[in-house]
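Engineer: Protein chains in written order, with my numbering: chain D, 840 to 1093; chain A, 135 to 347.
Keep in mind that the hints were calculated from the coordinates and are not lab data. This one's a predicted model, so the numbers in the text were calculated from it and none came from an experiment. A few of these clues could be false.
[As the list claims (entries may be wrong)] Here are the simulated DMTMM-like pairs of lysine to aspartate or glutamate, each with C-alpha atoms no more than 20 Å apart in a straight line: (1) D:Lys957 to A:Glu225; (2) A:Lys198 to A:Asp141; (3) D:Lys958 to A:Asp141; (4) D:Lys958 to A:Glu226; (5) D:Lys842 to A:Asp262; (6) D:Lys958 to A:Asp186; (7) A:Lys244 to A:Glu306; (8) D:Lys957 to A:Asp186; (9) A:Lys241 to A:Asp222; (10) A:Lys313 to A:Glu267; (11) D:Lys842 to A:Glu306; (12) D:Lys842 to A:Asp250; (13) D:Lys957 to A:Glu226.
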Amino acid sequence: MKKIRIIPRLDIKNDTVVKGIHLEGLRVVGRPDEFAYQYFREGADELLYIDTVASLYERNSLNDIISKAAQKIFIPMTVGGGIRKLEDITMILNSGADKVAINTAAIRRPAFLNDAVKKFGAQCIVLSVQAKKIAHMRWEAYTEAGREKSGQDVLAWLEEALALGVGEVLLTSVDCDGTKRGIDIDLIRMVAPRCPVPLIISGGVGKQDDVLAAFQIPGVDAVAVGSAYHYHMISLSETKAFLFEHGINVRMPS
Amino acid sequence: MKIIVVDYGLGNLYNLANAFQCCGQTVQLTRSVEALLEADALILPGVGAFGDGMARLKEWGLDKAIQSFAATQGTIMGICLGMQLLMDWSEEFGFHEGLGLIKGGVKHLKNIESFDKEAKVPHVGWNDIQIREKTHLLEGLTNRDMYFVHSYCAVTDDQSETLATVSYGGAELTAIIGKGNIYGCQFHPEKSSQNGIQILRNFINMVVEVADG
Chain D
840 MKKIRIIPRL
850 DIKNDTVVKG
860 IHLEGLRVVG
870 RPDEFAYQYF
880 REGADELLYI
890 DTVASLYERN
900 SLNDIISKAA
910 QKIFIPMTVG
920 GGIRKLEDIT
930 MILNSGADKV
940 AINTAAIRRP
950 AFLNDAVKKF
960 GAQCIVLSVQ
970 AKKIAHMRWE
980 AYTEAGREKS
990 GQDVLAWLEE
1000 ALALGVGEVL
1010 LTSVDCDGTK
1020 RGIDIDLIRM
1030 VAPRCPVPLI
1040 ISGGVGKQDD
1050 VLAAFQIPGV
1060 DAVAVGSAYH
1070 YHMISLSETK
1080 AFLFEHGINV
1090 RMPS
Chain A
135 MKIIVVDYGL
145 GNLYNLANAF
155 QCCGQTVQLT
165 RSVEALLEAD
175 ALILPGVGAF
185 GDGMARLKEW
195 GLDKAIQSFA
205 ATQGTIMGIC
215 LGMQLLMDWS
225 EEFGFHEGLG
235 LIKGGVKHLK
245 NIESFDKEAK
255 VPHVGWNDIQ
265 IREKTHLLEG
275 LTNRDMYFVH
285 SYCAVTDDQS
295 ETLATVSYGG
305 AELTAIIGKG
315 NIYGCQFHPE
325 KSSQNGIQIL
335 RNFINMVVEV
345 ADG
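In isolation and in its complexed conformation, chain A is listed as follows (with noise of 0.2 Å):
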């Protein structure tokens, strides 16, 4: 099985290689679209700024690639600014136009309505995340605590999309987006200790029930 975390050049790889490697799966650090292509699934991580993001997936045919991949039906997982990506749009910095594979925007923490302008920004630290569909990617938690860094928050037009939600300055926030065989957390996996490391696992089980068919 092969899974792949695209290396675009933002954000820590070798954390999330490290934290794969934990649960003893092997991943492949990459930016080479054939290599992507052949893959069974694929983690979109990413630390930074939007725009800068999508600029440099651009640069080397990534973002092609990876919309090319979720249409054959390919494993999905964004992380952080890798899951914002997967959203239609972002403000961060102006408007930017991101991967569009689940319907919905990235908004300013401050821009939500309902969240709290007093509320600090980052929301930096450990949350427990409310699930809200099912979803095996949760399975076996002993508690919901996930670590968190952001500024800005997707909002999925389809709220069925909205996995699990965190709460921070009075507002209900996206912590897991899905559809399909595509997801994405808000939150860090590979920085939330055990149940980041379980979430992990759970992906790499589904990924291999997708590949057994």
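With the rest of the complex left out, here is chain D (with noise of 0.2 Å):
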């Protein structure tokens, strides 16, 4: 049977771990190649590397810290942030990467995201949605790092880019991250069964039950963690036996 992943997120910027409140206000927590080898030993599923500032100023600084990466971590790596032509895809997955994950250029210019599918193929091509809560049970998507609003309404984006193909999708909480004081729940709820594809849920986690709250929402797939385990409120392992206990399908380390 298929397990459900735990996919450490890294935000990048330059060349160290940062992480900020609602993707905003980004403090240095460490080095890229030290959490990501920690997260592999403990038994990750998945690694997502989210480049923070490349969609800002227009530039991919992930491909040096991809390719010391994929020397000795073997399981898949993610990438996001800053991706806006077929040629940044080409050089990320030359570093290493597996999948990329497309989010302001994608709402610039849809037909990007079937271009993408149609050259890699959907199993490497995630949508990443950035969903900010504008009213009752309504959010919208964001772009450039959860700063900027598109106007597009999540479900609605959503439907449109899963016709273009994407094989899987990355949604972000801009409320929930990097409190740590739990997940949209009405939100993941929302997506989960309009999500044909694998659906990675990030946002919010700061203990082990939201964790599993995620995972209780028929759909999720994967959960990804950023702060609570670069702070060490809880740990990967921690998580995983957690999980377990649960009856949750979770990978155990060999």
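The task is to assemble the complex, starting from two chains supplied on their own in separate frames and drawing on the hints.
Structural biologist: Structural data, given as structure tokens:
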């Protein structure tokens, strides 16, 4: 049976791991290679790297970090932030990434998703959705690392992007990101049944119960965890043991 | 000993080379037919579409080279799309002929009998394989979790050539195929942590045994 995935999320600024709150006010928390290797050793099922400034400064600084990680980390790596052209995807995949997460460029030009799927295959293209609550049970898709409104309703955008063939969805709650005060259950409950491809949720995990709550929603395939792991509030190996005890189908470290 | 990763322009060769390096084995990445015919073993990687993959192999004369290599009892391992290319045919974006080294074809998951039409496609993530036929490839594993990412699946005509399967969407999908010295993994050993590295080690050992006669 397919297992759920726990995905440590490394937000990168220049050559360091940073973490903010609501994707802003970034603080340096450490070195990406050290975090990544530690999480790999602890049994991470995948790693998610997000270049937090690439989208703003129109560049991508992750290639070096990824190619170094790929030399000693043998689990899937997904990279997002600042991916704008097919050449950006080629470069990051050649560095050792397995998948790319695309947000801003896709909202600006949805056909980009389709071009990317055709060239690299659906399994390689992850739609990154940054959702901010704007009214009761309504969320807007944000761009530029949660800084800019797109005017697009999350559900309408999701439906459009899925039709373009993306192979996976990374759903980040801008409201919950970095708060460590729990996940946006309403948002996830709304999106999960409408997502026929694997769904990774991100934003708000502060304790093991938050991870469990996410997996109790049918249709959630993976949970990304940032601050809670980086600041050692909880540990990855404890998460796996905790989920296992609660009957969730997890991959136990070998 | 010379292991070649066939570089036909699809897929992440760098990760495979790193994983072999981790096993203490340097591999050569090349599309040279001459080099390929002199190798002890070939790795056929690949991520992407079947038709595109075959077209690239043909463009460089690699299809015939791989078939001749197989005919001389050379050891081959296909990974993901590379595994699917070993089959006779695929229905991915139309009908395409494959290398025909293992009898059978490649179908979309939703066209596999008994596959739950509501199950998510692609099949992405970690899943444990069930071993059907004993193989050296799977010796010494601590568990059987492997990393999969695919929308298509190989179906062998001869059931005994499906060495391991994986349960997904209510169906038993092919995870490993094997016939003589030809093997294929649907999952990515280079992304399957310690288990995947162990499989690559086993493969290297098998090649060494064949080379030593």
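Engineer: Run every hint past the structure and note whether it holds.
Structural biologist: Do the hints match the structure? See the list:
Among the hinted pairs, lysine 957 (chain D) with glutamate 225 (chain A) is consistent with the structure: their alpha-carbon atoms are about 16 Å apart, no more than 20 Å. For the given pair, lysine 198 (chain A) sits about 15 Å from aspartate 141 (chain A) by alpha-carbon distance, which is consistent with the 20 Å threshold. About 17 Å separates the Cα atoms of lysine 958 (chain D) and aspartate 141 (chain A), which keeps this hinted pair within 20 Å; it holds. Pair hint lysine 958 (chain D) plus glutamate 226 (chain A) holds up; C-alpha atoms about 14 Å apart against a cutoff of 20 Å.
Under the criterion of a C-alpha separation no larger than 20 Å, the hint pairing lysine 842 (chain D) with aspartate 262 (chain A) is consistent with the structure, at around 8 Å. About 10 Å separates the Cα atoms of lysine 958 (chain D) and aspartate 186 (chain A), which keeps this hinted pair within 20 Å; it holds. Of the pairs offered as hints, the one joining lysine 244 (chain A) and glutamate 306 (chain A) holds, with about 13 Å between alpha carbons and a cut-off of 20 Å not exceeded. With a C-alpha separation of about 11 Å, the suggested pairing of lysine 957 (chain D) with aspartate 186 (chain A) holds against the 20 Å cut-off.
Distance hint between lysine 241 (chain A) and aspartate 222 (chain A) is fulfilled; the C-alpha atoms sit about 12 Å from each other, no more than 20 Å. Only pairs whose Cα atoms come within 20 Å are accepted, and lysine 313 (chain A) paired with glutamate 267 (chain A) is accepted, the gap being roughly 11 Å. This hinted pair checks out: lysine 842 (chain D) and glutamate 306 (chain A) have alpha carbons roughly 16 Å apart, not beyond 20 Å. Taking the CA atoms of lysine 842 (chain D) and aspartate 250 (chain A), the gap is near 17 Å; set against the 20 Å cutoff, the hint holds.
Taking the CA atoms of lysine 957 (chain D) and glutamate 226 (chain A), the gap is near 13 Å; set against the 20 Å cutoff, the hint holds.
No hint from the list above goes unmet by this structure.
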